[in-house]
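Trainee: The listed protein sequences correspond, in order, to chains F and U. Going by the numbering used here, the first residue of the first sequence is number 1, and it counts up by one from there. Going by the numbering used here, the first residue of the second sequence is number 218, and it counts up by one from there.
Calculated from the structure, these hints are not laboratory results. Check before you lean on any hint, since a few could be wrong.
[As the list claims (entries may be wrong)] Under the rule of at most 25 Å between Cα atoms (straight-line distance), these lysine to any residue pairs were calculated in the SDA-like manner:
(1) F:Lys82 x U:Lys390
(2) U:Lys393 x F:Phe149
(3) U:Lys390 x U:Asp319
(4) U:Lys390 x F:Phe13
(5) U:Lys299 x F:Gln155
[Said to hold, decoys possible] Listed next, with one range per pair, are the computed distances between beta-carbon atoms:
(6) U:Asn331 x F:Asn114: 41 to 47 Å
(7) F:Asn114 x U:Glu358: 29 to 35 Å
(8) F:Thr93 x U:Lys317: 26 to 32 Å
(9) U:Arg352 x F:Asp5: 38 to 44 Å
(10) F:Leu43 x U:Thr232: 45 to 51 Å
(11) U:Arg352 x F:His105: 36 to 42 Å
(12) F:Thr91 x U:Thr341: 21 to 27 Å
(13) F:Arg135 x U:Lys339: 34 to 40 Å
(14) U:Glu358 x F:Asn190: 46 to 52 Å
Quick reminder that beta carbons are idealized off the backbone N, C-alpha and C, glycines included.
Number of protein chains: 2
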Amino acid sequence: MFDLDLLKYLEGFLTERRKHRFEQVLAKRTNFLTVAIEDVYQLHNTSAVIRSCDAFGVQTVHVIENRFGKRLDKNIAMGAEKWVDVHRHQTTTACIDRLKTDGYHIIATTPNENGNELSDVKVTKKTALFFGTERDGLSGEVLKRADGFLSIPMQGFSESLNISVAAAIILQKLTKDLRTSSVQWQLSENELLEKRMDWTKKSIKGVERVIERYLTT
Amino acid sequence: MFDLDLLKYLEGFLTERRKHRFEQVLAKRTNFLTVAIEDVYQLHNTSAVIRSCDAFGVQTVHVIENRFGKRLDKNIAMGAEKWVDVHRHQTTTACIDRLKTDGYHIIATTPNENGNELSDVKVTKKTALFFGTERDGLSGEVLKRADGFLSIPMQGFSESLNISVAAAIILQKLTKDLRTSSVQWQLSENELLEKRMDWTKKSIKGVERVIERYLTT
Numbered sequence: 001m002f003d004l005d006l007l008k009y010l011e012g013f014l015t016e017r018r019k020h021r022f023e024q025v026l027a028k029r030t031n032f033l034t035v036a037i038e039d040v041y042q043l044h045n046t047s048a049v050i051r052s053c054d055a056f057g058v059q060t061v062h063v064i065e066n067r068f069g070k071r072l073d074k075n076i077a078m079g080a081e082k083w084v085d086v087h088r089h090q091t092t093t094a095c096i097d098r099l100k101t102d103g104y105h106i107i108a109t110t111p112n113e114n115g116n117e118l119s120d121v122k123v124t125k126k127t128a129l130f131f132g133t134e135r136d137g138l139s140g141e142v143l144k145r146a147d148g149f150l151s152i153p154m155q156g157f158s159e160s161l162n163i164s165v166a167a168a169i170i171l172q173k174l175t176k177d178l179r180t181s182s183v184q185w186q187l188s189e190n191e192l193l194e195k196r197m198d199w200t201k202k203s204i205k206g207v208e209r210v211i212e213r214y215l216t217t
Numbered sequence: 218m219f220d221l222d223l224l225k226y227l228e229g230f231l232t233e234r235r236k237h238r239f240e241q242v243l244a245k246r247t248n249f250l251t252v253a254i255e256d257v258y259q260l261h262n263t264s265a266v267i268r269s270c271d272a273f274g275v276q277t278v279h280v281i282e283n284r285f286g287k288r289l290d291k292n293i294a295m296g297a298e299k300w301v302d303v304h305r306h307q308t309t310t311a312c313i314d315r316l317k318t319d320g321y322h323i324i325a326t327t328p329n330e331n332g333n334e335l336s337d338v339k340v341t342k343k344t345a346l347f348f349g350t351e352r353d354g355l356s357g358e359v360l361k362r363a364d365g366f367l368s369i370p371m372q373g374f375s376e377s378l379n380i381s382v383a384a385a386i387i388l389q390k391l392t393k394d395l396r397t398s399s400v401q402w403q404l405s406e407n408e409l410l411e412k413r414m415d416w417t418k419k420s421i422k423g424v425e426r427v428i429e430r431y432l433t434t
């Protein structure tokens, strides 16, 4: 059971400004759109994607670490990973299985396949956007299991955009469209309470002792 | 005088496919929009901005190197700098003077000033978009001399986007709008010929000897 009394108690340790900021940000957060990053071995790219998720209100990022192991550093996303839920998956299979079970439509972003152009895409179902490595793009498994493809039209010699750049362009556009659509994109009541608790705990120094004191009085 | 015969002669060394690619790309190039980067000391950011300019058809980038000297490496933009004209300026003053003389409207992109939001902006005049450093943003001089401000609305805790990410989002949106507007955004006939010559020369190995042979026969 969610302990609402504990949340209210802990929120007493926050400034009004802080509490208000959490409310503002949470009101724009979504899990209707999510992002999965497959094997991106340049850390500054992964961190930039997480930062863009924070900036555009995407609450959850899935990081698949098939080949390069646990490379995602806790401190690289300029603190953004504190406010974005990063789920790690050891294989692409596990990540797609999980997302499909959770009802997500899998969209592979790729400059190569014939897919929808960004301007034509409307997000009407829960959608997970997959981004691949700079060099090789997405794996065959993602391309095979994807429900659709998405590309950003380009007019130059470059065959692809930097992954952090591609992700930001797509997220900015799709989250903006989503917020003005009739879709129920917001976090659920439960998700909102859980994030309030999570963020509040992260904002209180020595929160374990504070909770202990609360529970024993 | 532009030597059209020389161009035709040199183009004889290109494959049809290559010539066709140049035509395709040049048809989408613009100098109606240009980009100026002030003192970006993280090279991968500058290179990503140049790559985005190539991808979205912006032909010219201005790099201001006030503090960090000639840091821009020729090979960093995955080859994109070969197809994008990079103009270097030693000071912000020199860069703005030059752009104003050339009739550009100076737009400072910044998360801080109260400016227009990206979705409200229409490019109806020749426009130079200024991007600042990751840490400090644009200099006071740019903010003071700017004709307008532009920001990307954000919904999270991050106060700013990575510069390469901000530039890509803005360029993708504004170039897309521009191409469907009634504005004469295309390169002039002279600019088109010059770029054809430039790109053709860059595509021929030992081009100096080829030209020498042409001029002496």
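Trainee: Take the C-alpha atoms of Lys82 of chain F and Lys390 of chain U, compute the straight-line distance between them, and say whether it is at most 25 Å.
Mentor: Outside the cut-off at roughly 30 Å; violated.
Trainee: At the C-beta level, are Leu43 of chain F and Thr232 of chain U separated by a distance inside 45 to 51 Å?
Mentor: Hint violated: Cβ distance 39 Å, outside 45 to 51 Å.
Trainee: Between Arg135 of chain F and Lys339 of chain U, is the Cβ distance one that fits in 34 to 40 Å?
Mentor: Between Arg135 of chain F and Lys339 of chain U, where Cβ atoms are some 38 Å apart, the hint holds.
Trainee: Could you tell me whether the CB distance from Arg352 of chain U to His105 of chain F stays inside 36 to 42 Å?
Mentor: holds, 39 Å
Trainee: Between Lys299 of chain U and Gln155 of chain F, is the straight-line Cα distance small enough, at 25 Å or below?
Mentor: At roughly 15 Å apart (the allowed maximum being 25 Å), Gln155 of chain F and Lys299 of chain U satisfy the hint.
Trainee: Need the status of pair Lys390 of chain U, Phe13 of chain F: alpha-carbon distance at most 25 Å?
Mentor: The given pair, whose Cα atoms are some 43 Å apart, is violated under the 25 Å limit.
Trainee: Taken at face value, is the distance from the CA of Phe149 of chain F to the CA of Lys393 of chain U at most 25 Å?
Mentor: holds, 20 Å
Trainee: Range hint 46 to 52 Å: satisfied by the CB atoms of Glu358 of chain U and Asn190 of chain F?
Mentor: The hint (46 to 52 Å, Cβ to Cβ) holds, given that Glu358 of chain U and Asn190 of chain F are roughly 51 Å apart.
Trainee: Go ahead and decide if the range 38 to 44 Å is satisfied by the Cβ distance of Arg352 of chain U to Asp5 of chain F.
Mentor: Cβ of Arg352 of chain U to Cβ of Asp5 of chain F: about 42 Å, so the range 38 to 44 Å holds.
Trainee: Do the Cβ positions of Thr91 of chain F and Thr341 of chain U conform to the proposed distance bound of 21 to 27 Å?
Mentor: violated, 51 Å
Trainee: Could one say that the CB atoms of Asn331 of chain U and Asn114 of chain F fall in the range 41 to 47 Å?
Mentor: Distance hint for Asn331 of chain U, Asn114 of chain F holds at roughly 43 Å.
Trainee: Does the Cβ pair Thr93 of chain F, Lys317 of chain U satisfy 26 to 32 Å?
Mentor: violated, 57 Å
Going down the numbered hints, you'll see the structure goes against 1, 4, 7, 8, 10, 12, while the others check out.
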